[in-house]
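Visitor: Start from the sequences and build out the full structure, keeping to the hints where you can.
There are 2 protein chains.
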Amino acid sequence: MGDTATTHHTKSANNGANDNQIGFKSRVSVIGSGSWGSVAAKLVAFNTLNLSSFHVEDANMLVFVTPHQFIDNICKSLVGKVRSDAEAISLIKGMEVKIEGPCLISTYISEQLGINCSVLMGANLANEIAEEKFSEATVGYRNNREIAEQWVQLFTTPYFMVTPVQDVEGVELCGTLKNVVAIAAGFVDGLDMGNNTKAAIIRFGLREMREFCKLLFSSVKDDTFFESCGVADVITTCFGGRNRKVAEAFARNGGKRSFDELEAEMLQGQKLQGVTTVREVYEVLRHRGLLELFPLFATVHEICSGCLPPSAIVIYSEKKNIFPV
Amino acid sequence: MGDTATTHHTKSANNGANDNQIGFKSRVSVIGSGSWGSVAAKLVAFNTLNLSSFHVEDANMLVFVTPHQFIDNICKSLVGKVRSDAEAISLIKGMEVKIEGPCLISTYISEQLGINCSVLMGANLANEIAEEKFSEATVGYRNNREIAEQWVQLFTTPYFMVTPVQDVEGVELCGTLKNVVAIAAGFVDGLDMGNNTKAAIIRFGLREMREFCKLLFSSVKDDTFFESCGVADVITTCFGGRNRKVAEAFARNGGKRSFDELEAEMLQGQKLQGVTTVREVYEVLRHRGLLELFPLFATVHEICSGCLPPSAIVIYSEKKNIFPV
Numbered sequence: 001m002g003d004t005a006t007t008h009h010t011k012s013a014n015n016g017a018n019d020n021q022i023g024f025k026s027r028v029s030v031i032g033s034g035s036w037g038s039v040a041a042k043l044v045a046f047n048t049l050n051l052s053s054f055h056v057e058d059a060n061m062l063v064f065v066t067p068h069q070f071i072d073n074i075c076k077s078l079v080g081k082v083r084s085d086a087e088a089i090s091l092i093k094g095m096e097v098k099i100e101g102p103c104l105i106s107t108y109i110s111e112q113l114g115i116n117c118s119v120l121m122g123a124n125l126a127n128e129i130a131e132e133k134f135s136e137a138t139v140g141y142r143n144n145r146e147i148a149e150q151w152v153q154l155f156t157t158p159y160f161m162v163t164p165v166q167d168v169e170g171v172e173l174c175g176t177l178k179n180v181v182a183i184a185a186g187f188v189d190g191l192d193m194g195n196n197t198k199a200a201i202i203r204f205g206l207r208e209m210r211e212f213c214k215l216l217f218s219s220v221k222d223d224t225f226f227e228s229c230g231v232a233d234v235i236t237t238c239f240g241g242r243n244r245k246v247a248e249a250f251a252r253n254g255g256k257r258s259f260d261e262l263e264a265e266m267l268q269g270q271k272l273q274g275v276t277t278v279r280e281v282y283e284v285l286r287h288r289g290l291l292e293l294f295p296l297f298a299t300v301h302e303i304c305s306g307c308l309p310p311s312a313i314v315i316y317s318e319k320k321n322i323f324p325v
Numbered sequence: 001m002g003d004t005a006t007t008h009h010t011k012s013a014n015n016g017a018n019d020n021q022i023g024f025k026s027r028v029s030v031i032g033s034g035s036w037g038s039v040a041a042k043l044v045a046f047n048t049l050n051l052s053s054f055h056v057e058d059a060n061m062l063v064f065v066t067p068h069q070f071i072d073n074i075c076k077s078l079v080g081k082v083r084s085d086a087e088a089i090s091l092i093k094g095m096e097v098k099i100e101g102p103c104l105i106s107t108y109i110s111e112q113l114g115i116n117c118s119v120l121m122g123a124n125l126a127n128e129i130a131e132e133k134f135s136e137a138t139v140g141y142r143n144n145r146e147i148a149e150q151w152v153q154l155f156t157t158p159y160f161m162v163t164p165v166q167d168v169e170g171v172e173l174c175g176t177l178k179n180v181v182a183i184a185a186g187f188v189d190g191l192d193m194g195n196n197t198k199a200a201i202i203r204f205g206l207r208e209m210r211e212f213c214k215l216l217f218s219s220v221k222d223d224t225f226f227e228s229c230g231v232a233d234v235i236t237t238c239f240g241g242r243n244r245k246v247a248e249a250f251a252r253n254g255g256k257r258s259f260d261e262l263e264a265e266m267l268q269g270q271k272l273q274g275v276t277t278v279r280e281v282y283e284v285l286r287h288r289g290l291l292e293l294f295p296l297f298a299t300v301h302e303i304c305s306g307c308l309p310p311s312a313i314v315i316y317s318e319k320k321n322i323f324p325v
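Respectively, the protein sequence lines represent chains A and B. Counting from 1, position 117 in the first sequence corresponds to residue 117 in our numbering; the numbering is continuous, with no gaps. Counting from 1, position 149 in the second sequence corresponds to residue 149 in our numbering; the numbering is continuous, with no gaps.
Quick caveat, the hints were computed from the structure, so don't treat them as lab data. Treat each hint with caution, since some may be false.
Listed below are the simulated BS3-like cross-link pairs for lysine-lysine, each with C-alpha atoms no more than 30 Å apart in a straight line [stated by the list, open to error]:
hint	chain 1	residue 1	chain 2	residue 2
1	B	K76	B	K98
2	B	K271	B	K245
3	B	K42	B	K81
4	A	K214	B	K221
5	A	K98	A	K76
6	B	K214	A	K221
7	A	K256	A	K245
8	A	K221	B	K221
9	A	K245	B	K245
10	B	K271	B	K256
11	A	K214	A	K98
12	B	K214	A	K214
13	A	K98	A	K221
14	B	K98	B	K214
15	A	K271	A	K214
Chain A is nowhere near these chain B residues, computed Cβ spacing over 12 Å in every case [as the list claims (entries may be wrong)]:
hint	residue
16	P67
17	K98
18	N144
19	I147
20	F217
21	N253
22	S258
23	E261
Each residue gets a CB set at the ideal place from its N, CA and C atoms; glycine is no exception.
Guide: If you want it as structure tokens, here you go:
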């Protein structure tokens, strides 16, 4: 593995002594890093008795929870080393939306390793879960309800509630698109527009998320947006989180300081996922001639790229939204 | 009219000179009081040219926007004085939920005056609309789309966006039930549970709102909860508003000071709608043997009435919600 691989750590848990809880003899490996990686490992450890040394070859449940830019190298390093009957789950937020179609991380893992991959998303800021404050999440699965139930059991603790939904694409896309809505919400905060406006913008965003997901995958279900990965994650991200925060600063500066500059100052050079995602979303919509149906997404990108002032978030989103999508 | 009637004021607008905007010659009367009444009159006035003296007999569009406890006397005073072809719209939040069924204010107006009644609800804190900050609302109508479009045109301004939905019951019930969710959110705030928990509780609340509405009226549409009256109004009410505020104080005091006491101190003796509504909702659910399917609503009432401590909001809502409604 390259440079990136050195930053991830792995933990595994053999819950053979705890069959009733997971329902079958399994070895779980958490392939992760960062605060979310640590918290995920803690949740999994609660449901398994023995933490032992790590051998990917033995694991039949693989939990991926790395920053999204590391997943390429990690997958490449695992090719040929994973049991063919293993199941994976991705907790990684931030797939790429390419013009030829979205590149879901779950699909990428699945294709690279030749195994099925579910996803876990939701309103779960890592630091609050670390404090064992009540949180929840959504597991998106493809076909096999039993596998979904196993993931639910693996992650559920007295303070962490997990709900399965048969909609892997909808659940995974929510985890990325919410960052675009958070940028819009941050603009509203920076413009001091008030609660009504912010709620309206969040609602427009949630609707556009739903329509965009359905545009890409006709299988996506409306009900997914009532799950933790949908409305709840949008709320936490629009009231906390760094996408909202930097967007607020951008609007307070009247768009005169670029996102690049603010990211360098406020995030020590890390990039905002929302800015990247909305550029990709914009390209997809432009390519398909559908920009007019997604006024909020389009306007967020036009503001981020300096083509429109921050105040356009209301004027444009409203004008185009007078007749619902 | 009795004492209450003296507190309401009326405004009317003859928009004969402005036919194109409303689409037909109409006389609009706003029967209202309070800050929301004033703001509603301002919105209507924007779309009509001449404010003139008020004669109910002449009006064919009646806008009701009074505190809900006044509507009985107002309707009684209007019996026999309203044109039979008049159309009404209620902006009043706070119908009663009786065991024999909910008593919607739109239905009450309709039955008392023998005219059709639509509703207008949404994420619209009056003071922010008064400042002309962008807000939106949902018009719930029964059958006639043309009437809905007329109400939309009457209320729409550059800073106020209105969307019609054919679901009068769903829209009206949202305007009342959101206050119950706001009390739950206030408890979470008072317990310092954090963003994840609050988002989870808001989501549980939104789902129970939807299920409760569908239980009472099978015609209620899922999509109504994606409108301003649904998710957006729930967000504004759970982050602002007095139901949330008093519930937060209740939780901070560990439930040792009653809602009666806090209302007297914080609201100058006014009563919280959410506390009344959730008691009514609880009775309906108990009567139908459905309390277990609505753990959040049930727990909010049990906390408000002193049967459970504020901390129960998470423990109970979560336990019962492990398997989705």
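Visitor: Beyond 12 Å from every Cβ of chain A: is that where the Cβ of F217(B) lies?
Guide: holds (19 Å)
Visitor: Checking one constraint from the list: CA of K271(A) to CA of K214(A), max 30 Å. Satisfied?
Guide: With a Cα-Cα distance of about 27 Å, the restraint between K271(A) and K214(A) holds, given a limit of 30 Å.
Visitor: Take the C-alpha atoms of K256(A) and K245(A), compute the straight-line distance between them, and say whether it is at most 30 Å.
Guide: Given that 30 Å is the threshold and the Cα spacing comes to 16 Å, the pair holds.
Visitor: Is K221(A) within 30 Å of K221(B), Cα to Cα?
Guide: holds (15 Å)
Visitor: CA of K214(B) to CA of K214(A), is that 30 Å or under?
Guide: holds (25 Å)
Visitor: Do the alpha carbons of K245(A) and K245(B) lie within 30 Å of each other, as the hint requires?
Guide: Holds, at roughly 25 Å.
Visitor: For the pair we were handed, K214(A) and K221(B), check the Cα-Cα distance against 30 Å.
Guide: Holds, because 19 Å separates the two Cα atoms, which is no more than 30 Å.
Visitor: Determine whether the non-interface label on N144(B) survives the test: each CB of chain A must be over 12 Å from its CB.
Guide: Per Cβ check, N144(B) is outside 12 Å of chain A; nearest 19 Å; holds.
Visitor: Please settle this one: P67(B) was flagged as non-interface, so is its CB more than 12 Å from every CB on chain A?
Guide: holds (20 Å)
Visitor: CA of K76(B) to CA of K98(B), is that 30 Å or under?
Guide: holds (21 Å)
Visitor: Is it true that the CA of K214(B) sits at most 30 Å from the CA of K221(A)?
Guide: holds (19 Å)
Visitor: Going by Cβ atoms, does S258(B) stay more than 12 Å from chain A at every point?
Guide: Given a closest Cβ separation of 26 Å, the condition holds.
Hint check: no violations occur; every hint is consistent with the structure.
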